[in-house]
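From first to last, the protein sequence lines are chains A and B. Using the working numbering, you'd call the opening residue of the first sequence number 1 and step up by one each time. Using the working numbering, you'd call the opening residue of the second sequence number 1 and step up by one each time.
I should point out that these hints are in silico values taken from the structure, not numbers from a laboratory. Small disclaimer: the values here were computed from a predicted structure and weren't measured. Every clue listed holds true.
In silico contact screen, one side only, chain B against chain A (beta carbon under 7 Å); selected entries:
no., residue
1, Ser194
2, Asn199
3, Met202
4, Arg203
Computed cross-link-like contacts, BS3-like style, restricted to lysine-lysine with a CA-CA straight-line distance of at most 30 Å:
no., chain 1, residue 1, chain 2, residue 2
5, B, Lys249, A, Lys48
6, B, Lys241, A, Lys47
7, B, Lys241, A, Lys111
Quick list of simulated restraints, FRET-style, between CB atoms:
no., chain 1, residue 1, chain 2, residue 2, range
8, B, Met202, A, Glu58, 17 to 23 Å
9, A, Ala85, B, Pro142, 48 to 54 Å
10, B, Asp167, A, Ala85, 44 to 50 Å
11, A, Ser91, B, Lys241, 18 to 24 Å
12, A, Asp96, B, Val58, 28 to 34 Å
Glycine residues also receive a C-beta, built at the ideal position from the N, C-alpha and C atoms.
Each chain, letter by letter, is given below.
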Amino acid sequence: MTRSNTKLALAAGILAVMAGQLAVVPGAAAEGNSALEEGKKLAFSRKKGNCLACHMIEGGTSPGNVGPPLIAMKARYPDRAKLRAQIWDASQANPDTAMVLFGRYQVLTEKEIDKVVDFIWSL
Amino acid sequence: MNKVIKSLVALALAGGVTMTAQASPEQDRAAFVKYYKDRFPEVPMEEYPNGVYAIDKVGRENWEAIEEFPPYEPFIDSGQEMWEKPFANGKTYKDCFPDGPAIAAKYPHWDKKKGMVVTLPLALNECRKANGEKPLKYKKGPINDLLAYIAYESRGQKIDVKIPEDDPRALEAYEKGKKFYFTRRGQLNFSCASCHLQNAGMRVRTEILSPSLGHVTHWPTYRSKWGTVGTLHRRFTGCNKNIRAKPFKAQGEQYRNLEYFLTYMSNGLKLNGPGSRK
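Go ahead and model the full structure; you've got the sequences and the hints to work with.
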């Protein structure tokens, strides 16, 4: 499996350098879009974003419903910066929010947030 | 509905004299109960001691099946043995608690002489120490057996926590407990209220969040996750850890005051311990 992943990633050209690292992560490079895959992994991981704890997201299992389903995000957030701001510090939009303040409380790093935002924006 | 949370939060965080003048504990309790009644109009008050199973129909079926052969039963039996077995000095728990073993509804209470909230586990250990016995640990182990026996014998008693007016420190302890309940903490920045008030009934992953009303009626509780019975303060510790907050000490001032506040909120509900949960 590792070998075929590597092959796929090599085929992806520009992503070839990253793919070397990603190939060891099962499934990561398999869909060929490894940056988005990385964002997805961060979003789904219980130790990292754990967005599924509260949001229904396509492709994720046993989602909670404390927050709204994350669908049609580009239509609803034409401005990527607004989406990033929501994820970075949800208390700006709603001071009583029950969402984790991922950036402000450094639950995720700035880089990780960028990846998560890319993934969520693709939904 | 949101207004009630906001006013409760505001009350909790406003601090100072004006707050105590504005909202008596009885007003707090009325607001608390009304909030849940509005949120779960179909749930009768006497269901709240059943925790999440008051609002989770699927979970309830499993739970009812488990309760037919209660996993906490052996702990009640060994608790009874502990209760009856004399200490090295020949005395027993009964000498400390003449009304025992059905004494759970007397706790927590404000102890004017000590100037603190006294909980049942604390009182049990004081009895042990007074009789030259080592105190028991507060989260795991044999204290749960003793508590299970006392809880079982106390089933059906009504919670009736008082905040005596002849000692202003009692109200202070209550207010501290209330503040604790509403204060966000930990890296994930949640308060107890974020989950068990604001989002009661919602799902975090597959777990439905229970209302705080009734949270204190059924301890100790057998959790399948623990594989044994544990104390209320062990549960507090778990919820604090889940939000990546440093837990406080079991039976330390913070958790005792929190228990005082939460138990006051459940005044009028009937004790139904020991409990079983996932």
